[in-house]
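Based on the provided sequences and hints, a complete structural model is requested.
Order-wise, the sequence lines are chains U and L.
For the first sequence, my numbering assigns the number 238 to the initial residue and increments by one for each residue that follows.
For the second sequence, my numbering assigns the number 238 to the initial residue and increments by one for each residue that follows.
Accuracy of the hints is not assured; some may be wrong.
The list treats identical chains as interchangeable, and a pair is accepted whether it falls inside one copy or across any two copies.
[As the list claims (entries may be wrong)] When the alpha-carbon atoms are kept at most 30 Å apart in a straight line, the in silico DSSO-like pairs for lysine-lysine are as follows: (1) 293 / 339; (2) 297 / 283; (3) 339 / 397; (4) 272 / 283.
I should point out that these hints are in silico values taken from the structure, not numbers from a laboratory.
Number of protein chains: 2
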Amino acid sequence: MQYPSRILEKAVDEISQLPGIGKRTALRLALQMLKKPTSQTENLAKSLVSLVNDIKYCKKCHAICDSELCDVCSNPMRNHDLICVVEDIRDVMAIENTSQYKGVYHVLGGKISPMDGIGPQQLKIDSLVKRAADAKEIILALSSTMEGDTTMFYLYKVLKDTEITLTTIARGIGIGDELEYTDEVTLVQSIQRRVPYAASLSN
Amino acid sequence: MQYPSRILEKAVDEISQLPGIGKRTALRLALQMLKKPTSQTENLAKSLVSLVNDIKYCKKCHAICDSELCDVCSNPMRNHDLICVVEDIRDVMAIENTSQYKGVYHVLGGKISPMDGIGPQQLKIDSLVKRAADAKEIILALSSTMEGDTTMFYLYKVLKDTEITLTTIARGIGIGDELEYTDEVTLVQSIQRRVPYAASLSN
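Below you can see the structure in the form of structure tokens.
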């Protein structure tokens, strides 16, 4: 595609480097920016620069935050003996949104995925092992995929000889879901992992 | 949604003001930027600021360009008697990409659309009428929608008393399209607007 302007072409090139945004969408976005007040795009540019330069990661749990420690880790009301291991900050946000979990987190920063060149060294596993010494329970809350399962198994191997209780989030049919629309694997597992009915009443 | 960081929240707010990008996509983009080298996002920010501040519009045809006159308007080899009226720069790019059109353009900057508050005054119609005095033919190449048809009819009313030849691009079934998959309106119109077979051979 020939662009009528070098400046436009440069902007389209830069925008289309964002994941999931192709040249066509990038051009549409660039042209929309030209229709909006200049200040709006300048503010966007400023906040992007601030994002990549000023953002901090919690020294303890590696979650994104604005200070040395995140709000969860610095909160004395949270249960610091209970650590929930998640893949990234979006999982923390999703769990925090429920306002039900009272423990703390540990953000791995990804899952073990040799295809993407991500091994245990690329993840925050060493610091988890160090933190684990002071904790009573670690909840492995990674996604139920090949990579998630591999990562959880790796963490299990690393932590199984400690005193710590290792748990994983419950897998099964979602609350409100209908059986007939559930995928086969989940359905089979939900029967294999059945729990006493009386136990389910206590939740 | 509670964000763990003000800086992240600000960035997500700014990104999600782009058309077609919601909060969730904005968050995904922001987190991806944090995984990429800082320089990449800084370059993106720079090119956006440059886009909205440094871009120029051709004085003659209002197309986006880097100088006073666009490459087409400043090219003496183009036929300046033939003006193709289009909605926006993307249409110019699409036609230029074919390398077949030898005339010049006029970018209206939109279509008459009272619902969006766009009337003839918001479009570059006055300057088209001025340019028309020196031209022999004007091709109306707007999209075949309610707004496009309205805009073309308005231009027809404005220009019909001049010496100029007013044409519109051919409507019909696309080259290579199959009749059975063509929408009804196009099919009906393609029969009503049928042309002598011998005339179609000359193209």
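Structure-based check of all given hints:
1. 293 / 339: The answer is within: 23 Å in one copy meets 30 Å, while 55 Å across copies does not.
2. 297 / 283: Result: close within a single copy only, 29 Å intra versus 34 Å inter.
3. 339 / 397: within (24 Å within a copy, 74 Å between copies)
4. 272 / 283: both (19 Å within a copy, 18 Å between copies)
Consistency note: the structure conflicts with none of the earlier hints.
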